[in-house]
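Keeping their order, the protein sequence lines are chains P and W.
Letter by letter, the first sequence follows residues 1 to 272 in this note's numbering.
Letter by letter, the second sequence follows residues 273 to 533 in this note's numbering.
FYI, nobody ran anything at the bench for these hints, they're computed from the structure.
Just to be clear, a hint being listed does not mean it is correct.
Not the full set, but computed from the structure, chain P residues with beta-carbon under 7 Å of chain W [as the list claims (entries may be wrong)]:
#  : residue
1  : A117
2  : A120
3  : P122
4  : V124
5  : P128
6  : L132
7  : V136
8  : L208
9  : I212
10 : F245
11 : S246
12 : V250
13 : G257
14 : L259
One-sided and incomplete, this derived list gives chain W residues near chain P with beta-carbon spacing under 7 Å [what the hints assert, rightly or not]:
#  : residue
15 : L326
16 : L378
17 : A383
We treat Cβ as the ideally placed atom computed from N, Cα and C, and that holds for glycine.
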Amino acid sequence: MTKSAIEEPETRATPPAAGRLRALVVTALPGLAWLGFLVAWEVAGRLADPILFAPPTRVADAFVELTVSGRLPQALLVSLQSLAVGFVLALVVGIAVGLLLGLHPTLARVVEPYIDAVYATPRVVMIPLVILWFGVGFWGRIFIIWIGGVVPIILNTAIGVRNARSDLVEVAKSFGVSDRQLVRHVILPGAVPYVIGGLRIAAGRLLLGVVIAEIFLDLTGVGGIIQTESSYFRTDNMLVGVIVFSALGVVMIGSLGLLEKRFSRWKGQGTE
Amino acid sequence: MATEASAGRRLRLRGLTAGPHLLAALVVFGSWELYGRVGNPVVMPPVSAVLTGLFDITFGGPLPGALLSSLQLLFVGFATALGLGTLLGILIGRYSLANRVFGPFLNAMYATPDIALLPLILLWFGFGMTGRVVVVFLAAFFPIMINTYSGVRDAPADLLEVGAAFGVDSELGRLRKVILPAALPLIMAGYRLGIGRAVVGMAVAEVYLRLGGLGTLIVQYGAAFRTDLLIAAILPLPLLGIVLTKVFERIENHFQYWRNV
Chain P
1 MTKSAIEEPE TRATPPAAGR LRALVVTALP GLAWLGFLVA WEVAGRLADP
51 ILFAPPTRVA DAFVELTVSG RLPQALLVSL QSLAVGFVLA LVVGIAVGLL
101 LGLHPTLARV VEPYIDAVYA TPRVVMIPLV ILWFGVGFWG RIFIIWIGGV
151 VPIILNTAIG VRNARSDLVE VAKSFGVSDR QLVRHVILPG AVPYVIGGLR
201 IAAGRLLLGV VIAEIFLDLT GVGGIIQTES SYFRTDNMLV GVIVFSALGV
251 VMIGSLGLLE KRFSRWKGQG TE
Chain W
273 MATEASAGRR LRLRGLTAGP HLLAALVVFG SWELYGRVGN PVVMPPVSAV
323 LTGLFDITFG GPLPGALLSS LQLLFVGFAT ALGLGTLLGI LIGRYSLANR
373 VFGPFLNAMY ATPDIALLPL ILLWFGFGMT GRVVVVFLAA FFPIMINTYS
423 GVRDAPADLL EVGAAFGVDS ELGRLRKVIL PAALPLIMAG YRLGIGRAVV
473 GMAVAEVYLR LGGLGTLIVQ YGAAFRTDLL IAAILPLPLL GIVLTKVFER
523 IENHFQYWRN V
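Looking at chain W on its own, in the form it has when it is part of the complex (with noise of 0.2 Å):
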C-alpha cells in the first residue's frame, strides 16, 4: 500500500536525519562534560553537574515559584502590549493624521535601545510590579505595533471595494470585516515577535531589580559563585522564548490561508 511505503519510507528518513543529531550532541555535551571535569568547575561546570543541580533547584527547590513569578510578569506586561500595540497599529495605519502625529515619536522611540530607558522606567514607574510591567510591555509594544500598522495599511483595496459593494460601509464593519481579516498574518507574526522580545523584557527587569523571578535566581546564583545552579537557572529561559514563539508560530500558520486566497 501506498500509505504504508510513505510510513515505511518516513521512519527511515527520520532515523537518518536523527543520526547526525545524536551524534552532534554526543559531540557538544561529551566535551562539555570533558571539559567541566578537567577544568575548573566555578568557570565551566560539566553538564552532568547542571543536570543535578537542576533537578535540585526543580524539585523542592526555589525554581518553580521563580518561573511562577516570572511567568506573571510575562503575562500582564506582554497582554497589554497585544492590546496597546494591535490598537495603535491599527489607528496609525489606517488615518494618517495618527500617522502624522504619532509617527515621529514612535519612529525615535523605535531605534532607541529599550535597556537605555531602564533606570528612568523604574525611577517613575517605581520598582514594584508597575515598573517591571512597564519594561515587558516597552520590549514587547514595538514588533506588535509595527507589524499591525503595515498589515492595516497595506489593505487591498479591491477587497475594500468588494466590501462597499455588498453594503459593508460603516469604518467599525470595514475594520472588522474587510481590513483586520486582512492584515491578520501580519499581525500574529507581530505577536511572534512580540512574544521572544517579551521573555528577553521579563529577564532585563528582573536582573536589574533583583526581586524576585527567574533572573533574580540567576544573579545570586552568578554572586554565589554556584556555576551549576547559575546554568540551570538560565536553562529555562531559551526553553520558554523557543516554546512559546514555536506555539504563536502554530497560531499564525493557522491563519496564514488568507494569504494565498
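Next up, chain P with everything else stripped away, as it sits in the complex (with noise of 0.2 Å):
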C-alpha cells in the first residue's frame, strides 16, 4: 500500500482517429462523474424531505450565508488553532519519547504495551475521564487531539532510530564524536523520513480528534457548528461543515504525502 488513497489510472495511449473520442470521454470522466453526482444530489435533494437532506445549491448558498456573518471563519479559526496546538505539542513529545525508546531497547519493550493499550482506546470513552481531569475547555480539547497524534509519531521515530545507519554511527564514532553529536547529527537526521511517514498517519488522527473534542467534548469550532445544527435540522449548515473537514482532511494527508515522497527519495538513496 503506497499513500493508501485511490490513485488515478494511467490513460493508455489509444489508436489514433476512433480512439480519440474515446479518449476524451475517458479523461473527462471523473469530471463527468461529478457532475452527475451533484445532479443527481440536486434532484434528490429537492425531492426529499429538506429537514432531512439538502440539494447542493441550498448548501453553497448556507456556505455564503455562514461565511458573511463570520459565524464560520470564527469556528474555522477555533478548530485550525487547537489543530496548530495538538500538531506541535504531538511532534514534539512523539519526537522526544520515540528518540528515548529508540536508543534504550528495553525501556521501549516495557514501556509499548501501554502506549498500545492507549492507542487501541477509542477516545470517545476517554472524554468523561477528560472532562473530570481537564474539564471541558480549550486544553480537554487538546489533550484528545494531541493523544490520538502522538502514539504513531513516538513509534515511527522509535522505528526511525532503531534503523539508524550503522555504517554512518561507525564513521562518526571513528571520528570521535560524543553521544550528544551522534544523536544531533546522525541518528536524528535518519529518522525524519520515518517521523514524517508517522505525522501522515497523525494527521487523519489528529484532524479526527478536532471533531471529536468539539462534538463530544466542547461544542465549539466546526464540529461545534455540525452538533449545533442537527438539533435545529438544518441538513444544509452540517454538510458545509462537513465539507469543511473533509477540504481540511484532503490538504493535510495530501501535503504530508508530498512531504513524505520527498524524504523518501533521501531514504532510498541512503540505503542504497
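Two independent chains are provided; combine them into the complex using the hints.
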C-alpha cells in the first residue's frame, strides 16, 4: 500500500482516429462523474424532505451565509488553532519519547504495551475522564487531539532511530563524536523520513481528534456547528461543516503525502 | 541434547524479559494506586478500586449484557464493511472505468473524518440499529476497500500470463485463481486494520446515541462521577481491539507465505 488512497489510472495511449473520442470521454470521466453526482444530489435534494437532505444549491447558499455572517470563519479559526497546538505538541513529545525508546530497547519493550493499550482505546470513551481531568475547554480539547496524534509519531520515530545506518554511526564514532553529537547529527536526521511517515498517519487522527473534541466535549469550532445545527435539523449548515472538514483532510493528507515522497527519495539514496 | 539446551535458554530468556516487565508493572500500577489513595478518588481512583469495580459490574452487573450488545453491533457492521469493501475494492482495482467513476468520491470520503458525518448519518438512517451499523461500517470500510484495491491493481502480469497459458482465460477464473490469491496478503492486512477501526466506530455510535452497549455504560458512569466503574467499563475496549487485531494478524501471517513464493 503506497499512499493508502486511490490513484487515478494512467491513460493508455489510444489508436489515433477512432480512439480519440473515446480517450476524451475517458479523461473527462472523473469530471463527468462529479457533474452527474451533483445533478443527482440536486434532484434528490429537491424531492426529499428538506429536513433530511439539502441539495448542493442550498448548501452553497448556506456556505455563503455562514461565511458572510462570520460564524464559519470564526469557527474555523477555533478548529485550526486547536489543531495547530495539538499538532505541535504531538510532534515535540512524539519525537522526544520516540528518541528515548529508540535508544533504549529494554525501556521500549517494557513501555510499548502501555502505549499500545492507550492507542487501542477509542478516544470517545476517554471523554468522561478528560472532563474530570482537564474540564470542558481548550486544554481538554487539546488532550483529545494530542493523544491520538502522539502515538504514531512515537512509534515511527523509535523505529527510525533503531534503523539508524550502522555505517554512518561507525564513521561518526571513529571521528570521536560525543553521544550528543551522534544523536544530533546522525541518528535524528536519519529518522526524519520515519517521523514524516508517522506524521502522515497522525494527521488524520489529529483532525479526527478536533471533530471528536468539538462534538463530544466542547461545542465550538466547525464540529460545534455540525452538532448544534443537527438539533435544528439544518442539514445544509451541517453539510457545510462536513465539507470544510473534508477539505481540511484532503489538504493535510495530500501535503504530508508530498512531503513523504520527497523524503523517501532521500531515504532511498541513503540505503543504496 | 540440543533441544534441551535451547529449551533451557528460552526459559532463561523468558526470565530475563519478565524482570523488566514486572518492574514496570509495579512502577505503573504502584504509583497509580498510591496516587489514587492520596488524591481525589473522583479524579483518579486507585487501581484496586477499579479492579473491584470491574468485578462488581462483571458478575451480576451490566457489563456482560452491554458487551454482548456491542459485539452484535460490531459483527453486523464489520461483516457489511468486509463484503462491500472487498467487492468495491476489486471493482475499482480491476476496471479503470469504475476507478474513474468512483475514485474521486471515495478519495473525498476517505479524507473526511467520519465522526463529522455522525449527526447526519443518524438523521438519515435513524437512531435504531441501522444508523449505528452504518457508523461501524463507515469506520471499517475504507482500509478494507483501499487495501483490496491496491492488491488487485498490482496483480503481477507474469502470473496472469502463466495463468492464461494454462487455460485460465475467463475473467472470473482470473480473479479466483490468480488475482485474488496474489492480493490476499494485502486484503488480509486491510481486514486487520478494519477490525480495529470497527471497534472505534462501535464505541462512537454507542457514546453518541446512549442506547445501550459499552459506550453507553461508560457515559452513564461518567455522568454519575463513578470514575472507578467508568475506568472499569473502558478496559474491555482496548482489550477487544488488541485481541481482535491479533486474531486477524494471525490469519494474515498464515497467508503471508504467498509473498515469498
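query: Does the interface hint hold: is I212(P) within less than 7 Å of chain W, judged Cβ to Cβ?
result: holds, 6 Å
task: Could you check if L378(W) really has its C-beta closer than 7 Å to a C-beta on chain P?
output: holds, 6 Å
- prompt: Measuring from the C-beta of V250(P) to each C-beta in chain W, is the shortest one below 7 Å?
  reply: holds, 4 Å
query: When the nearest CB of chain W is found for S246(P), is that gap smaller than 7 Å?
result: Hint holds; S246(P) Cβ to chain W Cβ min 4 Å, cut 7 Å.
query: How about L259(P): closest beta carbon in chain W under 7 Å, or not?
result: violated, 16 Å
query: Does L208(P) meet its interface restraint, that is, does its C-beta lie within less than 7 Å of any C-beta in chain W?
result: holds, 4 Å
- prompt: Taking 7 Å as the limit, does the beta-carbon of V124(P) come near enough to a beta-carbon in chain W?
  reply: holds, 5 Å
message: Please check whether A120(P) passes as an interface residue: C-beta within 7 Å of a C-beta belonging to chain W.
response: Interface hint status for A120(P): holds (4 Å vs cutoff 7 Å).
task: Using Cβ atoms only, decide whether G257(P) comes closer than 7 Å to chain W, and label the hint accordingly.
output: Violated: closest Cβ of chain W sits about 11 Å from G257(P), beyond 7 Å.
message: Quick check on the hint: A117(P) CB to chain W CB, less than 7 Å?
response: holds, 5 Å
field: chain W contact restraint for L132(P) - C-beta distance below 7 Å
entry: holds, 6 Å
field: Per-residue hint verdict: F245(P), partner chain W, C-beta under 7 Å
entry: holds, 4 Å
The structure is inconsistent with the numbered hints 7, 13, 14, 15, although it conforms to all the rest.
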